[in-house]
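Sequence order for the protein chains is L, B and V. As numbered in this note's numbering, the first sequence has no gaps in its residue numbers, which increase by one up to the final residue, 531. As numbered in this note's numbering, the second sequence has no gaps in its residue numbers, which increase by one up to the final residue, 320. As numbered in this note's numbering, the third sequence has no gaps in its residue numbers, which increase by one up to the final residue, 279.
Among these hints, one or two may not hold up.
[As the list claims (entries may be wrong)] Taking lysine-lysine and the PhoX-like style, the derived pairs with C-alpha atoms no more than 20 Å apart in a straight line are: (1) L:K289 with L:K352; (2) L:K506 with L:K263; (3) L:K187 with B:K63; (4) L:K506 with L:K266; (5) L:K128 with B:K63; (6) L:K101 with L:K85.
[To be verified] Some chain V residues well away from chain L (every beta-carbon gap over 10 Å; in silico): (7) P35; (8) G106; (9) T182; (10) L187; (11) H189.
[To be verified] To be clear about the criterion: a stretch of chain L counts as covered by chain V if any three or more of its residues have a C-beta under 8 Å from a C-beta of chain V, and this derived list gives those stretches: (12) 234–241; (13) 370–380; (14) 395–404.
Read the hints as simulated data drawn from the structure, not as lab findings. Built from N, CA and C at the ideal position, the CB exists for glycine as well.
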Amino acid sequence: MNMFIRTCAAMLMLSTAAMAESVVRVGVSQRDIGSMDPAFGIGNGDEFPIRQLYSVLVGPKNGTSDLTFANLQGELAEKWEMAPDAKSFVFTLRKGVQWHRGYGEVTSDDVAFTIQRMRDPKTGSAYGANFREIVSVETPDRYTVKIVLAQANPFFYAFALMPRFGGYIQPRKAVEELGEKFRHNPVGSGPFEYVSYESKQKVVLRAFDKYWEGKPKIDTLEVMFLPETAARTLAFVKGDVQLIEGATVPGWLASIKKQKPDVVFDLGRPGATWGLHFNMTRKPLDDIRVREAIARAIDQNVWVSAFGDFVTPTFGVSPVGYYGSLDKSDLPADWPLLFDPAKSKKLLAEAGYPNGFAIDVFISEREEYKTELLIIQEQLRKVGVQLNMRVVDHTSYHNDIRRDLNTMVVYASGQPPLTQAVLNAFYKSSAIVGKPTRNMNFSHYGDIAGNADALMEQAFQEIDDTKRVALLKKVQLEILRQIPAYPLPSHASSWMHDGKTLAFGFPVKAYMGTFTLAKASRLSP
Amino acid sequence: MTGYILRRLLEVVPTILLVLTLVFFALRIMPGDPAVAALGEFAAPDAIDRFREKLGLNQPLYAQYFAFLAQALTGNFGNSMNNGAPIGDLLAQALPYTIALALAATAIGIAIGLPLGAMTAVHRGGKIDAFGRFFALIGFSLPDFYFGVLLLLAFSLHLDWFPMLGGGKGFLDQLHHLVLPAITLGLVMAAFVMRLTRSSLLEVLKRDYVRTARGKGVAEHLVIFKHALRNALIPVTTGMGIYLLTTLSGTITVELVFSRPGLGTLLIGGVSARDYTLVQAGLVVFAFFVVVVNLATDLLCAAIDPRIALR
Amino acid sequence: MNVPIGKLTAIGGGLSLLLILLAAFSPWIAPLDPLDQSFLTANQGPTAEHWFGTDAFGRDVLSRVLFGGRVSLAIGILAPLLSALAGIWAGMLAGYLGGWTDRLLSRSSDLLMSFPTLLLGVMIAAALGPSFQSAVIAIAVALFPRFVRLSRSATQVVRREPFIDASIAAGRGTASIVLRHVLPNIAGPLVVALSLWIATAIRLEAALSFLGLGAQPPAPSWGNMIRDGMSDLVGDPWPAAFAGAAITISVLAFNMVGDALRDLLDPETGL
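Isolated chain L, as found in the complex:
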């Protein structure tokens, strides 16, 4: 009898275990949540939960980075149109989409509110600038939104309305009710809703049963903050977390593969834009021969041998795969950025440095930055250029490079995959460090060695696709000929999941912060 009861109890436990809710744990490298308010969220650790909590009007197709207007995938919008002059956009909203926690239906008023909130300088959103070119937002009815721009911008949506960069639609009622509390008590319309937050540990989300595409298969999503690569890796190998953010360490991917054969790498391509920007106000970098000598001493294949699949050589200002990027075939034969150490030494001699020279460079303590400069340093050493490397902490680094204090700036930037974004950020004369605008033009290009502002504007506003791409390539060739920067290989955003326990429902070739886990499922306990 006793035996029987025990068996029954055991069976009962088994069946409840089978019915137990499916939990997916995600390890991000951030120390803690910054903000779950889309106006402020930055970095992978914020972007991942924000993507699950909120919806955008339109986004790239699940798992891709394709930003072509016709190929987009509707979320809140079921129809989207661009005016032929690229000065206005009309979105028709899906009916019946619900906000979390009973905040009602998503309407055109919420969209107008979101845009107003994002562009309002009082909000102080980090992404405010992306919305400033909007002249008006009209909401003729509950489900229609018309956005009018000051001037033509065929890719406006890619900056302001996409996942990341502040494109998530927010509920007017909840934002107004919750005020400051909104950032840690978010209300969205995405597949997962907010449950709880434990400082330094995790944010817990659960499936939203009224999600417009149907309730997600994963019941609970725990976003865990695991800043130490060792801890994150070990937890993944052990199976405590099913999805993690990778590390930028040579050979790391291969090593994970060995320990966990079921791992699936979710390499997001195109990856971030990496560049080595030369401060052309500093000697000897003011001499184009010196800049060319440095460029010619760097071999991008070294990165490929260090990181394998994870990196792709870059030829223009933006990584291959960005809209309008340069490919190897676009380069002329005398292109000054091609690896040629003999030429490098010759140029150094011509510039008056037959034995090379030494230059002080500071770099962020972050692993990925340090690694990058270490690889460059070692290559330059071979032509006699000695980089004296000083490491500073990451916050100081960002502060000091924007104060024009560095000689060469290694910079990684996650942009929408558009060459326009990269040009705007790094090569416009208004973006030169020290000027009261964007502060990422570290080379001073525009004031020194040429100016491509007009050509850039022409390219940005060009409505014809073929002409636009041609113009973008022309601008890049013109700028890079002066070598204000050396484009470094692009690193794919590296995440990985356990293929045995987690499936996304579609192949992943994009950054993890661009799609939701609405279709993902937990495969085994």
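Let chain L serve as the given structure and place chains B and V on it in line with the hints.
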């Protein structure tokens, strides 16, 4: 006695005020800006200005200082500059994990170190002494966080006896999470206590009054336990007080290795994000610990040896 | 003095000397350039060519351990010596004079101790930039109050001994008494402490580097070798393991030296 404790507690106030002042200015001397750290690379200068304005960072330094002091004296540390969470909540979540770890490590340290130290001193030159000294050497020589990693690899990854991440929920689970980090720090502590006990006991054993007691024919175990050990405990207690503070500091790396959400990880993150409010509050709490530990040490010494005047 | 120095201590002394020599002469001893990268031969365990294997950049781990010793040992020895010089004097004065001197010195050392060592390191590194000097300063400042407290409490014990009163009665000056009677009597525990704190300092250097705040690349230190190795701990544990072993061995060695010195100063309690 009560007067002494009161006076010492009153001394806490200037100490903490000084800590506050030091931290306040030290943080602001550092290069880097909480606004840039919080808003990220895309933030336009106007967003950064807005952020600074909201947090009062555009005020003159002295105004910020007095506003901060006034707030701090009422025990209100405001919100984290980096993520807006109330500092009180952040500390309340983090502190128990750190205190539990430090206390558990100390308990392990005393439980192993004190008897081992006494035994090695009494049997000096013997096998126990050799074993004890070897133990102390090893305990003292392993870098603690690396030792923690080895424990993590062996007992969590491979054997799966202990959890790998976080601090746990509920008493038993938290205890389960505490074991490996506590052993990591506790063994180092044990090595320290053992060495200190041994050396101060040996020191005491050669003193005149011990010789006198022996000369008078007092039984050896009485000599050791009544006369020697009691005196030897004074440097041990002081040393442990000091070491407890080192241990509190050691919790930082161990917390990182075991992903425990304690005070250390909170503060390290705070410094790198230039989260002034968080670091200020965290260090005040830490300073308070230090004062309490020091006071407790002095009181304990006085209790062991009443001849130590409590001035 | 006729002191039997045990085998253990002889080994310790020899080992410490050997480590210091290896570190000092590493440019001549190391088989390869510790900075030479080669991604084709990265992450190899020990081989005939690379006795300690190679790291993620394909750099020779043996050469890096040897060169790393220069940084780690220099920080580990320099920092405690600096802070001992200052701290012991302050502590003796506090313990001997008592009263306001004591209160002032004790409270200010309390104040310094209110900063967790590593956090102090973090703040110093954030202010000055993480570097060799920052690590030395952080560790020296962190250890200073500990020397103060220890020498203060040891001095208090000695202060009560009758021979001190006798010296005072004999009209000796404070400086002379502290130097001739107090220092020799508290030297034992202080030397033991110094030996322990050199050990602590070497480990602190490792901990600071683990947080990314110690000496900076490309120059290797044992601490930053562990840090770098940590990111691929299961795949290629060798660089971290060898650096960890180097730390462990040198700390062991310095502990043994401490014991030897202690026995020399204090023959009666020695082995």
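Hint-by-hint comparison with the structure:
A C-alpha spacing of about 19 Å is found between K289 (chain L) and K352 (chain L), which places the hinted pair at or below 20 Å, so the restraint holds. For the hint linking K506 (chain L) to K263 (chain L), the alpha-carbon distance of about 13 Å falls within 20 Å, and the restraint holds. A C-alpha spacing of about 15 Å is found between K187 (chain L) and K63 (chain B), which places the hinted pair at or below 20 Å, so the restraint holds. Distance restraint check for K506 (chain L) and K266 (chain L): the Cα-Cα separation of roughly 10 Å lies within the 20 Å cut-off, and the hinted pair is therefore satisfied.
For the suggested pair K128 (chain L) and K63 (chain B), the alpha carbons sit about 10 Å apart, so the restraint of at most 20 Å is met. Between K101 (chain L) and K85 (chain L) the alpha-carbon distance is near 12 Å, which keeps this suggested pair within the 20 Å criterion. Non-interface call for P35 (chain V) relative to chain L: holds, since the shortest CB-CB distance, roughly 16 Å, exceeds 10 Å. No beta-carbon of chain L is positioned within 10 Å of the beta-carbon of G106 (chain V); the least distance is around 43 Å.
Non-interface status of T182 (chain V) relative to chain L is upheld: no Cβ of that chain comes within 10 Å, the nearest being about 45 Å off. Taking the minimum C-beta to C-beta distance to chain L, about 43 Å, the non-interface status of L187 (chain V) holds against the 10 Å cut. The claim that H189 (chain V) lies off the interface holds: its Cβ sits roughly 48 Å from the closest Cβ of chain L, which is beyond the 10 Å cut-off. Counting residues of the region 234–241 of chain L whose beta-carbon sits less than 8 Å from any beta-carbon of chain V gives 5, enough to reach three: the coverage restraint holds.
Counting residues of the region 370–380 of chain L whose beta carbon lies closer than 8 Å to any beta carbon of chain V gives 4, which reaches the threshold of three, so the coverage claim holds. Beta-carbon proximity to chain V at under 8 Å applies to 7 residues in the region 395–404 of chain L; the threshold of 3 is reached and the given coverage holds.
Every hint, counting from the list given before, is met by this structure.
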